[in-house]
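K.L.:
Order-wise, the sequence lines are chains A and B. Numbering-wise (our numbering), the first sequence opens with residue 5 and increments by one. Numbering-wise (our numbering), the second sequence opens with residue 5 and increments by one.
By construction, these hints were calculated from the structure, which means they are not laboratory data. Even glycine gets a Cβ: it sits at the ideal position worked out from N, Cα and C. Among the hints, a few may not be true.
Mimicking SDA-like on lysine to any residue, the simulated pairs with C-alpha atoms at most 20 Å apart in a straight line are [claimed, not checked]: (1) Lys-362(A) - Pro-380(A); (2) Lys-193(B) - Asn-210(A); (3) Lys-319(B) - Tyr-408(B); (4) Lys-401(A) - Leu-84(B); (5) Lys-173(B) - Pro-377(A); (6) Lys-193(A) - Ser-176(B); (7) Lys-98(A) - His-230(B); (8) Lys-401(A) - Pro-80(B); (9) Lys-173(A) - Leu-84(B); (10) Lys-362(A) - Ala-280(A); (11) Lys-173(A) - Lys-193(B); (12) Lys-193(A) - His-230(B); (13) Lys-173(A) - Gln-405(B); (14) Lys-401(A) - Ala-83(B).
Covered by chain B, according to a simulated footprint, are these stretches of chain A (three or more residues, beta-carbon under 8 Å) [claimed, not checked]: (15) 31 to 38; (16) 46 to 52; (17) 84 to 90; (18) 194 to 208.
There are 2 protein chains.
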Amino acid sequence: MHISTTLRHRRQRLAELIDFPVILWSGSSNSRNFPANTFPFRPSSHFLYFAGIPLQNAAIRLESGKLQLFIDDPHPNSALWHGETPTREEIAAKIGADDARAIAELEHYLENAATIPVQDAATWTQQSQLLDRWLLPQQPPQGNDLELAKAIVSLRLTHDAAALLELRKAASVSVEAHKIGIAATATAKREAEIRAAMEAVIIGHNMTTAYTSIVTVHGEVLHNNHYHHSLQPGDLLLADVGAETETGWAADITRTWPVSGKFSSTQRDIYDIVLAAHDACIEKIAPGVEYGDIHLLAATVIAEGLVDLGILQGKPEDLVKMDLHALFFPHGIGHLLGLDVHDMEDLGDLAGYEEGRKRSDRFGLSYLRLNRPLRPGMLVTIEPGFYQVPGILNDPKIRDQYQYLVNWERLEQFADVRGIRIEDDVLVTETGSEVLTAALPNQASAIEELAMQAKI
Amino acid sequence: MHISTTLRHRRQRLAELIDFPVILWSGSSNSRNFPANTFPFRPSSHFLYFAGIPLQNAAIRLESGKLQLFIDDPHPNSALWHGETPTREEIAAKIGADDARAIAELEHYLENAATIPVQDAATWTQQSQLLDRWLLPQQPPQGNDLELAKAIVSLRLTHDAAALLELRKAASVSVEAHKIGIAATATAKREAEIRAAMEAVIIGHNMTTAYTSIVTVHGEVLHNNHYHHSLQPGDLLLADVGAETETGWAADITRTWPVSGKFSSTQRDIYDIVLAAHDACIEKIAPGVEYGDIHLLAATVIAEGLVDLGILQGKPEDLVKMDLHALFFPHGIGHLLGLDVHDMEDLGDLAGYEEGRKRSDRFGLSYLRLNRPLRPGMLVTIEPGFYQVPGILNDPKIRDQYQYLVNWERLEQFADVRGIRIEDDVLVTETGSEVLTAALPNQASAIEELAMQAKI
Ligand SMILES: [Mn+2]
Ligand SMILES: [Mn+2]
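Isolated chain A, as found in the complex (with noise of 0.2 Å):
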C-alpha cells in the first residue's frame, strides 16, 4: 500500500473525531556546538504520524480530511551541500497533499487551528507566536488542542498495518541487535564495547536508536547512561536497546545475561522469577484485560518468588499490597509503544491512563505508565525486572518498617544480583497477543547458549 493511502486514511479517520482544523508542526534540528553543526533531527511524532516522512521545518494543516503542505524549497546553493533534495510539489505528490505552500503562507491558515507543541523551544515558540497562545510543551493541553491530543491518542494508541510493518521492522533490528551484544560479550573488557557491538547493528540497517541505551553491568541504576564499566567474569550485564526506523516507529528490547556466559545459581534463580513474570504477564495479554492487573500479576509473581527463595516472608498478596515488591521491582511492567518509545508520553497521561484514570500514589504503584483495558492494535512492553537499589534497600526507614517482611541475611546471598530486567513488545491481537521480539530467546539457558557460542 502506498504511504499516501495510509495517510490519507490517518487524516480521515482525524476528522471523524474532530471538526476543527489542526496545525502539526514538524520541529527544527538543535544546534549542538554552532549552528552548522546539529543534533540528528527528529521530527515530532504527532506530525509525523500524519506526514508519513521525516521532513524538517515544515508544518502540515489538516482539515476535513485534507491535508495541506507547507514546506519551503530547499535553498539554491544548498545542493552543493546537501544534494539534490526533493521539491515541494515533489514530496507533496508521495505524501498526497492536497496543498502545498511555503512556510511563510502558514500565517494565512491559522484561524481556529488546534495545535500539539512540539518538544525544541524554538518550535514551541514560533507556534505560540503564530496562534498568539502560550504553548509549552510540559503544559496540559486545554480547550480544542485537548480535544484534538485525545482525537489523536484514541488514532495512536492502535496501529495500523503501515505502522506494524515499521514497528517489525524495528523489533527485527533490535533482536539481531541483542544477539550481537551477547555474543561480543566474549570478547568485550567495557560496556561501552557491547554498546558499541550492538548499536552498529542498528546504524548498518539505516536506523538510529529509538532512546539512548542503557548498557551496564550495574542494572541496578535504572536509566544507566554510563558505559565506562569494565566486565567482570561474575557480572550480569543489562542491555535495554531499541532501534526506530527511518520513518520512526520505535522497538523496545531488554535482555541480561552473565559475562562469563554462565549464570550462577543465585542470578539463575532470581532471573527465573523475573522470567516466570513476564512469561505469566504475556499468557494474560488479550483484548478486555485491564493492563493495570498485568502489573499486579507481575508483582504477584516476583512476590510469590522471593518467598519461595526465603528472601520476602508472608502471602505473596499481602505482600504485594504491602508495595513489598516494588523495593526490588519500583518500576512499572510497561508501556505503550509506537512512534515514540513511551508512545505519546509528551501528553503526560494522556494516553497512558483511561479517562478519569489518575496516577496512584502508592510506591509500588506510582511509575505505571499504563492503565487502561487492552485493545487488538496495542503494543505494549513487558518489562518485569529485579534491582538491589542501594538507595532503596540501604534506607534505614525502610529497613525498620520491613524488617520482619525481608529475610535481609537471606539477601545477601544474592549480592551477585544487582540487576536484572527482561523486556518484550507484544502487541495485543483479537484473541490475545504475538510477541514482535519472539526471535530473541528469554530463557537462561537460551541465553548461555547464545553467550557460549560466541566463545567457542
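Got chain A sorted already, so can you dock chain B with the ligands onto it with the hints?
P.N.:
Showing chain B with the ligands alone in chain A's frame:
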C-alpha cells in the same frame, strides 16, 4: 597534571585579558519526542574549556582567576533512576572551584557579568532573562560580551598540554575508526554498514562522533548525511568521520577509498593531485605562515594537476585568480579544530578571521573558514578535495563562461571520480608542524593495501 591545575591556569590567563566577571552556562539537554527521552547532552564548548567536565544545567562564574560553580545537587529520587551522582561539593573539589552554590543563587552574582549565549534555546532564553539583555546565539556579541569573546578566542586559538592530550586521543580513535571502515568495505553492501563499523570504534572507546558522519559514495555532495546507497565496485567511498573525547575534544578526518580495493586509473590520477595539494600544504605549515596562502597553494597545486591531465587549460596561477580551481574544489582548505570541529564557529568569524579581515566574496575564497597567520599550538585541518558537483558543472552560465578554459570532453573521461577529499589534523609547532592523524595512511597504494588486506 590534575585537571584543576589546568583549569586554574586557563582562568588566570583569562583574568589577564579582562577585568569584568564572566558567567558561562553549560546548557541543558534537548528533549527528543518527550521530556524523558533526550538527545545526548553536549555542554557549551566555552563552558567546557573552563569547567573541564561535562556538567548539565550548570553555570560557572569567573572573576580575577576565581571560579564559582552553580549547580544543584541531584534530587534525592534521582539515585533510583540515575545512580549515585557526585554532589556539588565533590564536583567543586574536582574542578578546583573556590565556591559552590545552588543554581538559584546565581541571580545574586549577575552584576556586570559578560557571557556567551549557549546554542540551546532554553538556555539562551534563560541567559537573556537573567542578564536582562537579548542574547541570541546567531547575533554578534557587543560590549563586554564581545571583549569576552575576543579573550576566549585568544586563549582557545592555541592549545595547552591538557587539551593536546585529549586531541591526540580523539585523533587516535578516529584513525582506528577509518582503518576499520576501510577494512569493512570488503564485505559491506551499503554505506550505512561502513558508517556502523566506523562509529562502533568510537562508541566502543566511550566517545561520541564530533559531528554527523559523512560516509558516502556521493562525495560530491559535501555534507551528505544519507547512508542508504549500495556500494558498487567502481565507486569511491568518502568517509569524513571524527571522534570527540568524553571532555569534548574533537578530531576530523576524511579518507576516500575505492570500494573494489583498487583505484581506477582516472580515480588514481585525481587522487594523486588531491594528495599532492594536501602534502604541499602540510609541508608549508609553520608559525607565521598565512593560512590563506596555504589555501591558495592547494588551489594552485590542484589547478596544476588538472592542467597536466588536460582538464584545465592555461597557466595555473591565472586559473586560480579566475577561480577555476573552485569549480572542482569549492570549499576552504580547512579550519580550526579543538572543542568544536569548526572551533569557535559559534562566534562567527571572530576566531577564524584575524581582526580587520573579512570573508572574500570570490567564489573560490568565500568558504575559507580560517584566515590568520599560524601560531604554535594552533590545530588546523588540511582537507583539499576534488568534486564533480552537478549544480556547478552543469550550470549553463559556468559552462559558457569557462568554455575555453575547461576541456569538457576530457573531463567526461573522469566520470568515475565524483568526490575525493583527504583530510588530516595538523598541529602548528615551534618549528613547523606535526600531523596528529599521521598514523592513518593517505597514499593511494597504502589505502589500497588496507582495503585489500580485508579481502583476503
Ligand atoms: Mn521499556
Ligand atoms: Mn573538516
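K.L.:
Now, for every hint given, state plainly whether the structure supports it.
P.N.:
Consistency of the hints with the structure:
1. Under the criterion of a C-alpha separation no larger than 20 Å, the hint pairing Lys-362(A) with Pro-380(A) is inconsistent with the structure, at around 23 Å.
2. Proximity of Lys-193(B) to Asn-210(A) is assessed by CA-CA distance (about 12 Å); at most 20 Å being required, the pair is judged to hold.
3. Among the hinted pairs, Lys-319(B) with Tyr-408(B) is consistent with the structure: their alpha-carbon atoms are about 13 Å apart, no more than 20 Å.
4. Taking the CA atoms of Lys-401(A) and Leu-84(B), the gap is about 16 Å. The hint holds against a cut of 20 Å.
5. Proximity of Lys-173(B) to Pro-377(A) is assessed by CA-CA distance (about 53 Å); at most 20 Å being required, the pair is judged violated.
6. Restraint check: the Cα-Cα separation between Lys-193(A) and Ser-176(B) comes to about 19 Å, which is no more than 20 Å; the hinted pair holds.
7. Distance restraint check for Lys-98(A) and His-230(B): the Cα-Cα separation of roughly 19 Å lies within the 20 Å cut-off, and the hinted pair is therefore satisfied.
8. Restraint check: the Cα-Cα separation between Lys-401(A) and Pro-80(B) comes to about 15 Å, which is no more than 20 Å; the hinted pair holds.
9. For the given pair, Lys-173(A) sits about 32 Å from Leu-84(B) by alpha-carbon distance, which is inconsistent with the 20 Å threshold.
10. Proximity of Lys-362(A) to Ala-280(A) is assessed by CA-CA distance (about 29 Å); at most 20 Å being required, the pair is judged violated.
11. The straight-line distance between the Cα atoms of Lys-173(A) and Lys-193(B) is roughly 19 Å, inside the 20 Å bound, and the hint therefore holds.
12. The hinted pair formed by Lys-193(A) and His-230(B) fails the criterion: a straight-line CA distance of about 32 Å is larger than 20 Å.
13. This hinted pair does not check out: Lys-173(A) and Gln-405(B) have alpha carbons roughly 51 Å apart, beyond 20 Å.
14. Simply put, Lys-401(A) and Ala-83(B) have alpha-carbon atoms about 16 Å apart, close enough for the 20 Å limit, and the pair holds.
15. Given a C-beta distance limit of less than 8 Å, the hint that chain B covers the region 31 to 38 of chain A holds, as 5 residues qualify and 3 suffice.
16. Requiring three or more residues with a Cβ within less than 8 Å of a Cβ of chain B, the coverage given for the region 46 to 52 of chain A holds, as 3 such residues are present.
17. Under the rule that three or more residues need a Cβ within less than 8 Å of chain B, the assignment of the region 84 to 90 of chain A holds, with 5 such residues.
18. Residues of the region 194 to 208 of chain A lying with their CB closer than 8 Å to a CB of chain B number 12, which satisfies the three-residue condition for coverage.
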